[in-house]
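**Student:** Sequence:
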Amino acid sequence: MGATIQYLFSIDVMASGQPFVGVSALLIDNKNSELYALDDGNRRLVIMNLEGVFLYQFTYTDAGIKNMPIGIAVADDGKIYIAEGKRVVVVDYRGMYDHDMSLSTIPDANEINIQSVAIDGNTVYLGTVGRVVMMDKKEEKFIAEFKEGLGQNNYIAMDYNGMYIRDPGALIIFHLAKDGKVLGHFGKISGLAGGFSMTVDMAVERKKGWVIVLDINRAATIFFDREGNFLFEFGGPELFKWPRAVAADDEGRIYVTDGTGKIRVFQIIEDAPVIKEAKPESKPEIPSAAPPPVSEPKKDEVQKIVEEEGRLLPLFFAIDSAKLKKADLLILDKNAVWLKKNPDAKINVRGYADERGTDEYNLTLSKKRAKAVMDYFVKQGIDSKRQKFIGYGKELTTDKSETGFARSRRVDFLVVK
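Residue 279 in the working numbering sits at position 279 of the sequence shown, with consecutive numbering throughout.
Quick caveat, the hints were computed from the structure, so don't treat them as lab data. If you're wondering where the values come from, they're calculated on a predicted model, not measured in any experiment.
Calculated lysine-lysine pairs in the BS3-like style (CA-CA distance at most 25 Å, straight line):
(1) K334 with K147
(2) K178 with K138
(3) K141 with K181
(4) K304 with K340
(5) K31 with K207
(6) K207 with K178
Construct the entire structure; sequences and hints are all you get.
**Tutor:** Next comes the structure, spelled out in structure tokens:
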């Protein structure tokens, strides 16, 4: 697919009396043509129209928010639902605190850790650690939960007929029906076009069927179709400075915020042969979009990462766990197929833990993770002599967020020929 990407304008809400300082999330209410921004630096929620005209704002204190909010959703009645870890705060259209949504009917409610919130009609979806929970909005009662086929971290973007779940730790996007049935998944670790390095946000342009993933390390806005086929991307460090949030309206406009303190708005026009470059004085320069190759046959994703990076697909673990989940087995099965096709290849199975906890504990845990993976390979017919498992213990990282720690809780595979 070809595309023209036109820069339209930027939003700084100076009319509000202060510029943005650290926008962590964007939400578009297409029904009312409004754009919501969680401005953590100023501890406020800012509401604009889709052309960026400031409408109103309210502080986190006004809304009864005690900690930094994680996600936001707007219901048909105008009520705003704000996720805050252990709570979902409900406020009215002007941001005045209404009540805390009752979570008491959720199984193991005391252990819940909410990462995202989404609303579809009378159903509230809570993306939590290890599961997605469905709640009746009116009655505020538990309906169902699902976890099979999901990752550890679950950030929701709703589509007309389903939802997409972003797991930043595993660098995978899961596609689910509204009842939780897994329809598929996609995503690959790569620095090339269409690849993930560290995903930070996701949006769905429902009319055109675009699933848009924002990658902070690559500074890329990556577009897929509903089946997870890569379409094109744009961005790069020349355009975005540490992009943080993305949203899409129903007119094909994409809103991206980054470290510049502005929200930039782009228009995507399909089926054009080139990418237009904006004028340097008034518009940021847009690098060419990267359509998928058409002249070469599609390679198996494991074969591709082996050729490009000399390793197999990695997998990621829950906190304090060496247990393999269903999603992990899908990844390991793909790796096992490649190993069977390449019988002379050997691998180093390398286990890691995040930096929290003692050195002794993390070393033992990292070995257990690597050993669990090696044992699974042996059951799949991969000779243990071709594998060497190593536990490296904790991995130090400059990213102290939960996403950064999740990337350290992994097993990866170095191919040795």
